[in-house]
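A.B. asks: Chains as they are written, first to last, in the working numbering: chain A, 1 to 117; chain B, 1 to 253.
Looking from chain A toward chain B, a few residues come up when the C-beta cut is under 7 Å (computed):
hint, residue
1, Ala47
2, Gly48
3, Leu50
4, Gly52
5, Gly82
6, Arg88
Some chain B residues well away from chain A (every beta-carbon gap over 10 Å; in silico):
hint, residue
7, Tyr28
8, Met36
9, Ala41
10, Ala43
11, Ser59
12, Asp83
13, Leu85
14, Phe195
15, Ser210
Some chain A residues near chain B, calculated using beta-carbon distances under 10 Å:
hint, residue
16, Met55
17, Phe78
18, Leu81
19, Ala84
20, Gly86
21, Gly89
It should be emphasised that the hints constitute simulated quantities derived from the structure, not laboratory data.
Bear in mind the structure is a predicted one, so any value in this text is a computation, not a measurement.
Where a beta carbon is used, it is the ideal one built from N, C-alpha and C, also for glycine.
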Amino acid sequence: MSDTGPDDLQRLGARLDAAERKRATGDQRPPPTQASIAFRFGTEMIAGLLVGGGMGWGLDWLFGHFGFHTKPWLMIVFFVLGAAAGIRGVMRAANELNAQMAAAPAAPSVKQDDEEN
Amino acid sequence: MAMHPMEQFEVKPLIEHPLFSIGHHDIYFTNQSLFMVIVVAAASLFLTLAMSGNRLIPSRAQSMAEMSYEFVANMIHSSAGEDGLRFFPFIFTTFIFVLFCNIFGMVPWSFTVTSQIAITFALTAFILSMVIVVGFVKHGFGFLKLFVPDAPIYLLVLLVPIEIISFFTRLVSLSVRLFANMLAGHTMLAVFAGFVVMLGAAGGVLSILSIGPMLMIVAIMLLELLVAALQAYVFAILTCIYLNEALHLHDHH
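From just these sequences and the hints, can you work out the full model?
C.D. replies: Written out as structure tokens, the structure reads:
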């Protein structure tokens with residue numbers, strides 16, 4: 001009893017540390033399903049295109065009011081930039097997902113791990 | 001088909017006459033406004049009544065209110081840090097509003113406020129403007145560093161616009177995520193409910209088969225309850241994450 005005491009305490013300490021770490025890193029989100037991952041990537045990409053194209057269109061419209069006839073060039077340029085932003089968003093989302101998967105090694109099955117890599 | 005699955009999302013004025021008008025736009029009191037009033041009243045009533053006892057050993061309702069408080073406080077603390085807690089009232093209100101809208105939408109014949117892109121987009125626009133204001137108040141023009149990644153000067157010409165666009169894509173991705181999830185779930189429920197009616201009306205063996213989609217509805221209903229809570233959570237935590245970026249700029253990398 002007396003020799004197991006310190007061991008128990010150490011184990012408890014380790015568990016407390018682990019719990020603290022989990023709390024500090026924060027993410028208590030449940031691991032996302034495949035469908036929600038797909039949906040997330042889709043919205044990121046389309047959001048980039050929409051916002052980019054919309055911004056370019058707005059700028060064209062704005063400049064048009066001041067007598068600069070940029071139409072439709074800014075929209076085209078911003079649409080391409082928006083595509084880049086969309087891809088960046090997808091990459092960021094993928095990084096987040098990877099970090100989340102790495103932080104919770106117990107949660108996903110082995111099969112899902114393989115699919116992730 | 002008599003019942004259209006998208007009919008449930010129709011916004012219609014409940015009072016014939018517009019309440020008032022802004023410019024050339026008449027503002028009506030719609031079924032959507034009614035459900036927003038109900039949701040806000042129910043949420044305020046629930047939280048106030050639950051905490052009114054203020055007992056040391058909480059009642060069931062009180063512990064629900066306390067748990068939601070602690071849940072949101074922990075969420076902000078872990079994703080936006082200590083100084084993020086100053087925004088607790090705002091994020092708690094957003095979370096509770098979205099959660100109650102989603103849950104109230106699950107009640108049959110009710111109207112799901114969050115299934116309207118206008119609502120989710122307005123919420124998101126408000127959140128993002130707040131993030132921008134907080135960023136400028138906290139860091140002055142240093143906030144603009146958020147849009148400047150570590151890269152050689154000649155690449156910045158290309159990267160800064162991309163960063164700015166990618167900041168504003170949140171406007172779309174956050175609002176569309178909530179709206180599409182609610183819309184899809186409720187449409188699916190209505191479609192399966194339509195199957196029940198059609199099979200039931202078909203008569204004979206087909207009528208017995210209508211138990212299939214009926215069971216399916218029960219399962220989807222449970223799934224939708226989960227989605228309702230999860231989407232409220234996702235909405236709130238993303239708000240925290242954006243706030244964190246405005247508060248701490250590049251620290252999170």
